[in-house]
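Asker: Okay, here's what each chain looks like letter by letter:
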Amino acid sequence: MSLTAKNKDTIKSFWAKVAPRAEDIGTDALSRMLVVYPQTKTYFSHWKDLSPGSAPVRKHGKTVMSGVAEAVSKIDDLTAGLLTLSELHAFQLRVDPANFKILSHNLLVVLAIQFPNDFTPEVHVAMDKFLSAVVLALSEKYR
Amino acid sequence: MVEWTDFERATIQDIFSKMDYESVGHNALARCLVVYPWTQRYFGKFGNLYNAAAIMGNPLVAAHGTTVLHGLDKALKNMDNIKAAYAELSVLHSEKLHVDPDNFRLLGDCLTIVVAAKLGSGFTADVQAAFQKFLAVVISALTKQYH
Numbered sequence: 000m001s002l003t004a005k006n007k008d009t010i011k012s013f014w015a016k017v018a019p020r021a022e023d024i025g026t027d028a029l030s031r032m033l034v035v036y037p038q039t040k041t042y043f044s045h046w047k048d049l050s051p052g053s054a055p056v057r058k059h060g061k062t063v064m065s066g067v068a069e070a071v072s073k074i075d076d077l078t079a080g081l082l083t084l085s086e087l088h089a090f091q092l093r094v095d096p097a098n099f100k101i102l103s104h105n106l107l108v109v110l111a112i113q114f115p116n117d118f119t120p121e122v123h124v125a126m127d128k129f130l131s132a133v134v135l136a137l138s139e140k141y142r
Numbered sequence: 000m001v002e003w004t005d006f007e008r009a010t011i012q013d014i015f016s017k018m019d020y021e022s023v024g025h026n027a028l029a030r031c032l033v034v035y036p037w038t039q040r041y042f043g044k045f046g047n048l049y050n051a052a053a054i055m056g057n058p059l060v061a062a063h064g065t066t067v068l069h070g071l072d073k074a075l076k077n078m079d080n081i082k083a084a085y086a087e088l089s090v091l092h093s094e095k096l097h098v099d100p101d102n103f104r105l106l107g108d109c110l111t112i113v114v115a116a117k118l119g120s121g122f123t124a125d126v127q128a129a130f131q132k133f134l135a136v137v138i139s140a141l142t143k144q145y146h
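Chains as they are written, first to last, in numbering that gives the first Met the number 0: chain A, 0 to 142; chain B, 0 to 146.
Just so you know, not all the hints are guaranteed correct.
Said to hold, decoys possible - Heads up, simulated DSS-like pairs for lysine-lysine below, C-alpha to C-alpha not over 30 Å straight-line:
#  : chain 1 : residue 1 : chain 2 : residue 2
1  : B       : LYS117    : A       : LYS58
2  : A       : LYS5      : B       : LYS44
3  : A       : LYS61     : B       : LYS117
4  : A       : LYS73     : A       : LYS61
5  : A       : LYS58     : B       : LYS132
6  : A       : LYS5      : B       : LYS132
7  : A       : LYS40     : B       : LYS132
8  : A       : LYS140    : A       : LYS7
9  : A       : LYS11     : A       : LYS61
10 : A       : LYS16     : B       : LYS117
11 : B       : LYS132    : A       : LYS128
Calculated from the structure, these hints are not laboratory results.
This is chain B alone, in the form it adopts within the complex (with noise of 0.2 Å):
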């Protein structure tokens, strides 16, 4: 089981509970398709994603973005079972969608740019280690059940 530091959970529930889903959402998912476009393979009915601008203007990007990181809330809710938790999802993400779990990471990266440029300053180096230490915790869960 994780061990969490009182630090970690306060500043976890803390980012959660001033995110702005729809933006930072959106521009997560695009910024992982523009960084890594590979990433586009999973998207295929996704319509244009032809180049940067088509991605970002795109609302199924944006919708989906949303979606993808309102997923998160189910970690935030089960902090010390963030494993059972997310183990319907990492059946999903592997067995019907075929997503190649390093795209995790891929997102996770991206995610945590875009959350440090919205915080500014107040995404200090102790802020950091405390999400990139969450969104560890949540991807080890969504690759749990792959086989």
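This is chain A alone, in the form it adopts within the complex (with noise of 0.2 Å):
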């Protein structure tokens, strides 16, 4: 399922609309993850508070975030672009790649609520592909 040229347009266009609330938007997704999915919170006991819009919530919204707009810029190929970021999460992060999965529909519910008019289906299935794709080219280095 991968990303066509008419699905790259429409994350570029609509991307320009997310890159400035981006950080809100981030903390959001973070937040929910953490209530809506406990079990994600064991990769974060080492943060003193892991309530929604905490401050350790917010700085790893904000770089989880940054993730995504350094892979929307490498969109013509991810596998290549995320190659750093994805040795960092197989080799030092160790995170079960089941949990990009679940962060992802947390972003998709954050941009429904932040874009009503805008999160088209045709939006929606763009953005779904995406994140799938991203998801794929963290987990390249896992095994």
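Hints are included, so try docking the two chains, each in its own frame, into the full complex.
Answerer: Printed below as a string of structure tokens:
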């Protein structure tokens, strides 16, 4: 289910609207993930505060969204573009890749809330495909 | 048996008491057919599903979306025994409609997104958790009679 040229255009245009609110969106997506899927909290036992919108959650939400932004810029070759990030997640962080799907879902929920009119079914399918492709590239170095 | 907190019960009843079944049902099913096109396999008799615009404008999709959403009313009225309440519908989906149960999850995700867009900031993380738990329980009940 690779990205068509039309998908890529849709993603880039939509991302232009997302980018200015990236930090808030990342924060909300991560906050929701920690509440709705409590098992994901196991990766953040070193944080003082795991509550929605807390400082460590905000900081990390920003980090994650800049990773997604990088993926948008490298959309024509995600595997090569996200190699370093894949190595980080595979060898150091060792996040179970199933969790990438969970975060992706929460990101889509936040996008639907933030962009009730722009997040049309066509944008939704393009973003879902894109995030799936990012997840695949991120999982590349795992084994 | 599923344990529901007071917050969860109140949240679920509240969401559905204010639900615009026509709009949300239509949008959720149409979105599912667009975002997960393989789900169209069950709707060969619905006519034009060739592109997103056709799907969104298709009156059979709209009507069926409303029907499916009202299917959740059974759970609303039987929160403490959802499994039993859906036994018949589960047999229907398995033996007559032959629907792969993974599709319930796909439609559930689209429903979550449509409701989130409608409720906006009111769809907090706690509300999302309650809503997703409710859908998960219904989906489990709908899958129960498959063999």
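Asker: Go through the numbered hints given earlier and state which of them the structure violates, listing their numbers in rising order.
Answerer: 6
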